[in-house]
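Protein chains: 2
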Amino acid sequence: MKRYLSVIGLDDALSLFAREFSKKPSVIRIPLEDATGRITAEPIFAKYSVPEIHVSAMDGIAVVSAETNRASEQQPVTLQNAARVNTGNVVPPEYDAVIMIEDVWEHDGAYTIRKAVAPWQHVRPAGEDLAESEMVMPSAHRIRSHEVGALATYGITEVSTTTVRIGLVPTGSELVAHGTRPKPGQVVESNTVMAKAMLEEAGATCTRYPFVEDVPEKIRDAISLAVKENDMVIVSAGSSAGTKDYTADVIAGLGEVLVHGVAMKPGKPVIIGRIEKKPVIGLPGYPLSALTVLREIVLPSLKAYGLPVKEPVKIPAQITTAIAKEIGSDEFVLCSLGNIGGRWVLSPQSKGAGVQMAGIRANAYIRVPKISEGFDAGSIVDARLIVPEREAEQALLITGSHDPAIDYLCDLIRLRGVSLLSTHAGSMGGILALKKNQCHAAPTHLLADDGSYNTAYIKKYLGGAAVNLVCIAERQQGIVSHDGLVLSDLPGRWFINRQKGSGTRMLLDHELIKTGINPATIPGYEREVTTHIAVALAVRSGEADAGMCVYSAAKALGLPFVPVANERYELAFRNEHADDPRLVSLIEAIRSSAFKEILSRLGGYDTKETGRMRQVDG
Amino acid sequence: MKRYLSVIGLDDALSLFAREFSKKPSVIRIPLEDATGRITAEPIFAKYSVPEIHVSAMDGIAVVSAETNRASEQQPVTLQNAARVNTGNVVPPEYDAVIMIEDVWEHDGAYTIRKAVAPWQHVRPAGEDLAESEMVMPSAHRIRSHEVGALATYGITEVSTTTVRIGLVPTGSELVAHGTRPKPGQVVESNTVMAKAMLEEAGATCTRYPFVEDVPEKIRDAISLAVKENDMVIVSAGSSAGTKDYTADVIAGLGEVLVHGVAMKPGKPVIIGRIEKKPVIGLPGYPLSALTVLREIVLPSLKAYGLPVKEPVKIPAQITTAIAKEIGSDEFVLCSLGNIGGRWVLSPQSKGAGVQMAGIRANAYIRVPKISEGFDAGSIVDARLIVPEREAEQALLITGSHDPAIDYLCDLIRLRGVSLLSTHAGSMGGILALKKNQCHAAPTHLLADDGSYNTAYIKKYLGGAAVNLVCIAERQQGIVSHDGLVLSDLPGRWFINRQKGSGTRMLLDHELIKTGINPATIPGYEREVTTHIAVALAVRSGEADAGMCVYSAAKALGLPFVPVANERYELAFRNEHADDPRLVSLIEAIRSSAFKEILSRLGGYDTKETGRMRQVDG
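Chains as they are written, first to last, in our numbering: chain A, 443 to 1060; chain B, 443 to 1060.
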């Protein structure tokens, strides 16, 4: 088995990158119209003076100032020698001043004035704005959108700008292009698509090369070509130490491998190589690994080429759950950041490197340093924003039981400027987060022994706090299967279950007891997934014969569904936050007719209680 | 003469805009590759589950977990029923777990293991990332560059995005396209070029229509077409109340004029009209007026269409010079903002609406409110940034005598991340700014009666402060003319002079006294311009026969130059700022060989003293 050649720390990798490469950018000429945000590669000079010749700054008459000397209110002067000019018109060379038309009495082609004028009054002299050959802007200047107009005025039609040409080489026999539905074992190539978007946003110029099969000779030819045509090359995947990971060997054959493996998570299997003096990066295949390498290694390196790479804004925030890690590796964790009652709260997301949704759900991330063993829950850590600060301020943190309805509420309130960030933790997880004040609200459907929903648990876990409950809907839970199974059919059929602590699991257990079915008679009862749709997917794939979920999940996948019970799916939030405008927006959205229409379209919801508020007193 | 129909306040104009228009955006579908920064017009759903089927999370072997139950270090188990899988490979349906290859001993096609595995270990279940039909992102979501990769994975190739289609109609018989050198009286059309850059940066989709002559019927046809094809129309120029300003009448003919004239400076002659329920804006012709209307009226209105318009960051800063204005009008002033010794200092720039360079030189602006009579020098006002905050922190404020060499120094230090902002105030203006601690450094060349440069003035005006002087160059000043005139030729020839307080003026006066020439014998002696190049331009245009300037200005315009004297052009700065990294960069640039090469290329500089430092003690 192959091993990583030389794993080094992230900071060492960045220093090495800074030291080993000359980082000479490319210069490309681009049309002025596309210049916004680009960096000038050389100073820009005016091609001619603006104005080139004296022009009138007013609507009026051009005069010889000396001929106005004796004019006064008492002794008006009538000028024969004058010319009508509008703003911007050339002042004929025989004149040296302009009188505003409002101060002139015209009759029979002559003009009477009542005031003397100083030489050059209301005349914009040649070169007033800028003179021929003067510098308009220096090199290394980021062109702002409004400056594009000024450059047009100064005669500029093309601008030499700084860029870094980056060749992106996707490798892997399993790859298909986005837009093609992947067959089993195939993967949509998304890493170079992401790399192009991220790197071009920073001012690089990227070329995506055709997919290359896992054949060393083909990879070699593709890298050689990309090195020739670019300042930097990024090879996507094959950078690990598996049997088909040829990238490191190919780079070594064409040049040298400086680093194979950086002590960071995600993103460890990265390669930094050099071919013809140019950096060649081997990007790990897992999307979040690739994202982390692009953000932490490639983007910072572009700064040294002169591109304006933005540093993330940092906000100190309290982390909701402990993060444990081993010393020796920098670890990056995507998070949901929100402000709860004036306090910034940070919830780490799933660490799975294959879960690209984490990059969409997150509005921040943290770096847990190499020397750290992690953070305890409640620690204050620096959240690095991946949204504008204003958007983070508008984040609404929802933790608890997930339902597709929550996604639609997210959609409805985003239009009002609120970002709903949902953490799927099950109903009990939500109640506990609410107890610790780690979320704004918790969607929950917890059935007590007396048949009531939610209130018993809130009293038990949040005793002392006044909590409001607003009903999202009364929701059907039932058995999803291929052949319309009911609860009593379950013994002996393969089952797919929800995790302990989820409301669905509690409802199932409640119903099993009620009907006297022993869970031990249901194979697969111990196999847990965390969402309704995952249950339905397991059934559709044939992995399980049945599971319990909400109607909408079964409907989405076109599977039969037999209702078992209706449950009250409610949103719990502390009364102290009842006036929070983000929560107010959410409750308005729950009560909107648009939301009721969505629920009826999704199916499986009874909306007669939707929007109804009740209170659990503290 | 026509008058403005109804001048209203800026805030009232914004309220009216918010009230009178429905602001329905357009939806356009764009390729995924172009989606960064765009706003989703509808929620996006996954086209299939990711992964669609259970895949291995590791390189290893797929096994039936139940068959591993008895394996231990003491009692290894050899499995006949297993399949080799790499990361991402499908786990065949007959297996339910994966064992890492590192934990497996392979021999003759069989695998020996020493540890039992739990069901579903190292298996990425179907839908782990996202399940078919789940919402990937809501509407009104600004797509971040890294999300483009995730969207590719989820099967998205095109995105419906929100935009505002804006038709830009340039009017004016005097217009020529950028790239064409304007003849006298012609103007390069830059306002719609600027509008397109500014509005598209905010997410609008702009169409520039062909230039329209000042003929009401042609303007009407152009506006009608643009209204039909867009959500909003901006008509550039003709919005004032002059004889050829037809825009308001044409809008009134096609619809209605809601506002003609907003009490703001610059930008007063703006029109807000309505045709077919759509807003039609008449943009003033002066570039800085147009810029102000775009920034203060049009961009804020795009927010209501759902586009993410950034608010400028505000920094409280001390204003260096008083701003006087009349009550009743909001006034916007472009400024240079810099941090001097921990204090934010703001220098207003020229207010001329035709000076587009002000928009390039400024890194901030202020709004002087309608109800204000202005600000006293030293007041604290809110500077609104038009550069990133980090760039403002790197601003180096230079006030004093201008020379093209300063522009080249600006160019040299921009590469080191420092933004040199130069205010042309003449040598005395610079010394006074330095006295008041309103600039980091002052370029100066002030000749005392004893023939010494700069030190006498610094002692006089900055008595008590330790000041350093670093020599930029010894610079030739001389007479620029068409026919090689010398000092003694000046009497009787038309002259173009520099402003009082400028070093060049003082040098000229010194030389006139020395040679016994009476300034009264020189016509045009009282005609003042503020830069060397403006002197040379006046000579080239024939407006003056001669002037005094530096060699480089004469050379730039190809005019004969006869030296009169060498002068010491120095940069003065307070010793307390000697360690300021921005100043250190500037001094390094002055001492660089690159700078000496530039000076020798420009000509007229003696560099033997360049970089030499001397000190005036406090």
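FYI, nobody ran anything at the bench for these hints, they're computed from the structure. One or more hints might be untrue.
Because identical chains share one entry, a pair is satisfied inside a single copy or across any pair of copies.
[Said to hold, decoys possible] Restricting the straight-line Cα-Cα distance to at most 27 angstroms, the calculated cross-link-like pairs of lysine-lysine (DSS-like) are:
id	residue 1	residue 2
1	Lys956	Lys710
2	Lys710	Lys1038
3	Lys878	Lys557
4	Lys686	Lys902
5	Lys767	Lys557
6	Lys489	Lys997
7	Lys719	Lys557
8	Lys489	Lys1038
9	Lys465	Lys1038
Tested hints:
Proximity of lysine 956 to lysine 710 under the C-alpha cut-off of 27 angstroms is found in neither arrangement, the shortest distances being 51 angstroms within a copy and 77 angstroms between copies. Neither within a single protomer nor between protomers do lysine 710 and lysine 1038 lie at most 27 angstroms apart by alpha-carbon distance, with minima of 47 angstroms and 48 angstroms respectively. Taking identical chains as interchangeable, the C-alpha atoms of lysine 878 and lysine 557 are never at most 27 angstroms apart, the minima being 79 angstroms within one chain and 39 angstroms between chains. Taking identical chains as interchangeable, the C-alpha atoms of lysine 686 and lysine 902 are never at most 27 angstroms apart, the minima being 55 angstroms within one chain and 79 angstroms between chains.
In this assembly of identical chains, lysine 767 and lysine 557 lie within 27 angstroms of each other by CA distance solely across copies; the values are 24 angstroms between and 84 angstroms within a copy. Taking CA atoms no more than 27 angstroms apart as the test, lysine 489 paired with lysine 997 passes between copies only; the shortest distance there is 15 angstroms, against 67 angstroms inside one copy. With identical chains, the CA atoms of lysine 719 and lysine 557 are never at most 27 angstroms apart, being 74 angstroms at best within one copy and 48 angstroms at best between copies. Within a single copy, lysine 489 and lysine 1038 get their C-alpha atoms only as close as 63 angstroms, which misses the 27 angstroms cut-off; across copies the closest is 25 angstroms, which meets it.
Taking identical chains as interchangeable, the C-alpha atoms of lysine 465 and lysine 1038 lie at most 27 angstroms apart only when they sit on different chains, with a minimum of 26 angstroms there against 57 angstroms within one chain.
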